[in-house]
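J.: Each chain, written out:
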Amino acid sequence: MRIKTLQFLFIIFFILLGLCLFYLQVIKGPRYRELSYRNSIRLLGISAPRGIIYDRRGKKVAEDVLSFGVFIVPQEVKDLDAEIRRVSSILDCSESLLKRNYKRNYRAPFAPCELMANIPKNKAILIEELKLDMPGVLIKESHLRRYSYKEALAHVIGYIGEIDKRELGLLKTYGYVARDLIGKDGIERISDATLRGENGGMQVQVDNRGRQVGVLSFKRPVKGKDIHLTIDAGLQDFLWNMMKGKKGAAIFMDHYTGEILSLVSTPSYDPNASVSRILNDKRSPLLNRAIMGLYPPGSIFKIALALAALESGKIRPETTFVCHGRLNVGAASFRCWKRDGHGPVDLENGIIESCNVYFYNTGILLGVEGIWKYAKEFGFGEKTGIELFGEQKGFVPSRAWKKTEKNQNWYTGDTANLSIGQGYLLVTPLQVVRMFATLANGGGLIRPHLLKDIRDSDIRRHKKIIIRLKKKNIELIKNGMKGVVASERGTGMRAWSEVCSISAKTGTSQPGGGLKTHAWFGGFAPSEKPEISFVIFLEHGGSGGDLAAMIAKKAVEYWYKNR
Amino acid sequence: MFDLDLKKYKGFDWILLGSAASIFILGLLFLFSSTYPNNVGFVLRQITWFLLGSLIFIWIINVNYRKIVGIANIFYFLTIFLLVLVLIFGSRRLGAQRWLAIGGFNIQPSEFAKLFITLSVVQYLASRKAYRSLRNIFVPLVVIAVPFILILKEPDLGTALMLVPILLILLYVWGIPLRSLFFIIFCGVLFSPLAWFLLKNYQKERLLVFLDPGIDPLGAGYTIIQSRIAIGSGGLVGKGWLSGTQNQLNFLAERHTDFIFSVAGEEWGFLGGVVLLGLYCVLIKRAFGIAEKTDDPCGRFLAVGLSAMIGIQVVVNISMTMGFMPVVGLPLPLVSYGGSSLLVTMMALALLESIAIHR
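Protein chains in written order, with our numbering: chain S, -8 to 554; chain A, 3 to 361.
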């Protein structure tokens, strides 16, 4: 009978359970008793080393170094105050600090509680030697993240910190636990999953004095994977030294591949230091101006405008406008920066001398729709897709926008302003350098990126969007840009270099409100066969042809000599 | 008022009731110890559920079980409704969304689901009298599949998995030829790799950790190792009532619920454990005995299903605490703290007695 079979089956199971019980309790009983006595099992977490971040030449820009911390196991301590006093005298720090840390880090009677982190190695050795006289005190190794380039690379690499409640809520399913270290910004954040590795741990048996007498089980930590950046740390450091103390951004990029050789934003912060002080700094050093700063581009936009007008046939290379120092548009008068005017100006000279009147005319011929179309094609008003958080889209105005948002008509004067990169147009330095890159590589809108490749996984494929540009138009603009630096009338004369020929465009944009102008200087080098594109931006830095041009020259020379 | 017609209750199985009551009383002792020193609340709550369960018990044994099976459909849809409710409104605890908070009490629909689904399957099988062809299996399979998936999503791996052997046992008793049974099992084994992907990470981890607790000494493996040490350290006669709390048990998070057997093992030793096992053995044996003595197919199937439901839980839970099975979160019937589990077990026992009486 089947039911009888089932009944019998269950009885067998129970007998088996009884036998297992016998095995555990009678045969292995004494051993387990020993293990259970006085809570003799310790859990020790072994943290996994985080992956190293390298620059393009293999220099370490972020790595883990060994650090030592003093811990205390509450239930093994007889006289807490005495022990703390002893530790504080060895470490030469205040007792109250240790007591505070003890309260903050206490978890459970059997869990080691951190008294002090990152103590010097000699002190760690000393405490380790005196351990037997201080029951419950132990030294644990851990990893400290060190950023050798400090402020120079802060905005690219970011920093790490303890995971907070919000992040833990989002990431718990991915295996993150409380007190884990997680990247908070930059590459550390976006590549956290790759860099972080897997923590290990072990169960050790200790005797009643806390001495380890055996390892019960061990899980090896898995080191995080390393990452290689496209950044050239040497160039980055050089640029940082030139830019520090000012406000702005600088970017150097390989315009064929989209690899970013250098991305500097200043002011910056030292990611090795604690972040809470930094958050309250009024100069907003955490702001990455290269991708988050939105500014009017000023004359530097004339490059895009010229190309747009050429491509759509609105102007020809010979097209000439006469500059008397101003242009009347309707009732308003739009000025050129040269009071008396440049006289008759063609395209090449318009670029070299950055004549506003030339471009007012060009812009009005092209019309706001035309400008909008080409601006969008060049990637303005869109994110570039670089692997950093917080990138801004920027803004390209249009007739429709002004009607719906401001309930006003679009005036020809607005087009005039737009043509010289003022008005409602807002761009980021990264978008600007990408514009130059597109020109330099013959019309390919590349995606700027920072990650070179990740070990053990596919190299990303970077799609390039091809913008159709006539070769001769590109050559024309390039010639103009060459003249900006090479000609005596060029606005970028200060960037003239014996070492490496530079093609560029200056830009001096008005932020409004009577504040000092922003300085732009961007282009590519070497002029004959350009390899890299760059932009130097100084917030309220005066004229584009001054300091910005000089910094560009020095940086390009450095790059040229060391490439 | 109480018209006690004792002849009506002829056939009542006193040994079944006796063993269940003894287990419950022992369970209170374990509960008292495992929640010490803040234990009064837990024990009182458990007793409250027990009293409620007793009332339901008395009510059910006076009802003919056939009537209850007859309306199994209603229970089934009620179950689905509650399970969906839990997924939407359930309160999250310990990483799972299994409980509905109703007026200060927590109920766990998946516990009731076990019972109601068994009723539904029994209703279906009983109406077909005996096995005819493999096609008839399809309906019970679908009937189980929907709540199975809902329970799995909570996630409650243990309860969901438990439905499978109950179904198989019912099919077995229904008369399915052995080779068809093996065929079904074989299909299930074939498809289990698919199920692997349905599991959440921590459930996968639990299965892996079962095979080698050493691979996660700080997480899932920790509970298993600690539980085992607790039981093992009990030795022959145990450490004595309440003394377990000073030692291992501080480390066990679930010691008043799923891992309560480790309390029993540590404090009452091998002798205590054997007594408990013996009582359960008697309980299950009597339960199957009721099934055997019943001619009515509906009663037969129901008795078998209920016996299996209780029996599987006991075996799995105790194996789990000893570390011989993966941690799947099944409570120990009548002993683990939990109103829903206690009520469901008492209802099952009541139904068994109902079958015994209304032959």
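No lab work stands behind these hints: they were computed from the structure.
Think of the CB as a built atom: it goes at the ideal place given N, C-alpha and C, for glycine as much as any other residue.
There's no promise every hint is true.
What the hints assert, rightly or not - If you want a taste of the chain S side facing chain A, the calculated C-beta under 8 Å gives, among others:
#1 5
#2 13
#3 390
To be verified - Distance condition first, Cα-Cα at most 30 Å in a straight line; then the derived DSSO-like pairs of lysine-lysine:
#4 S:51 with S:214
#5 A:287 with S:-5
#6 S:235 with S:156
#7 S:507 with S:463
#8 S:-5 with A:155
#9 S:156 with A:155
#10 S:235 with S:141
#11 S:51 with S:552
#12 S:175 with S:394
#13 S:443 with S:552
#14 S:131 with S:214
#15 S:374 with S:364
#16 S:364 with S:463
#17 S:50 with S:394
#18 A:12 with S:163
#19 A:12 with A:295
#20 S:-5 with A:295
#21 S:-5 with A:69
J.: Sort out whether residue 141 of chain S lies within 30 Å of residue 235 of chain S, counting only the CA atoms.
T.: Measuring from Cα to Cα gives roughly 12 Å; hence the hint holds.
J.: Given the hinted pair residue 156 of chain S and residue 155 of chain A, is their alpha-carbon gap at most 30 Å?
T.: 25 Å, holds
J.: Within 30 Å, alpha carbon to alpha carbon, are residue 175 of chain S and residue 394 of chain S?
T.: 40 Å, violated
J.: Next pair to validate is residue 51 of chain S with residue 214 of chain S; report whether the Cα-Cα distance is within 30 Å.
T.: It holds: about 16 Å lies between the C-alpha atoms, which stays within 30 Å.
J.: Compare the distance between the alpha carbons of residue 131 of chain S and residue 214 of chain S with 30 Å, and conclude whether the hinted pair is satisfied.
T.: Holds - the C-alpha atoms of residue 214 of chain S and residue 131 of chain S are around 18 Å apart, at most 30 Å.
J.: Holds or violated: residue 364 of chain S with residue 463 of chain S, Cα cutoff 30 Å?
T.: 21 Å, holds
J.: For the restraint on residue 13 of chain S, tell me whether the closest CB of chain A is nearer than 8 Å.
T.: Since chain A brings a Cβ to about 6 Å from residue 13 of chain S, closer than 8 Å, the hint holds.
J.: Are the Cα positions of residue 51 of chain S and residue 552 of chain S separated by 30 Å at most?
T.: 22 Å, holds
J.: Hint check: residue -5 of chain S vs residue 295 of chain A, CA-CA at most 30 Å. Holds or violated?
T.: 11 Å, holds
J.: Take a quick look at whether residue 12 of chain A and residue 295 of chain A sit within 30 Å of each other, Cα to Cα.
T.: 14 Å, holds
J.: Measure nothing beyond the straight line between the CA atoms of residue 50 of chain S and residue 394 of chain S; if it is 30 Å or shorter, mark the hint as holding.
T.: Given pair residue 50 of chain S, residue 394 of chain S is violated - Cα atoms ~53 Å apart, limit 30 Å.
J.: Hinted pair, alpha-carbon criterion (30 Å max): residue -5 of chain S, residue 69 of chain A. Please report holds or violated.
T.: Between residue -5 of chain S and residue 69 of chain A the Cα gap is close to 27 Å, so the pair holds against 30 Å.
Hint violations for this structure: numbers 3, 6, 7, 8, 12, 17 and 18, all remaining hints satisfied.
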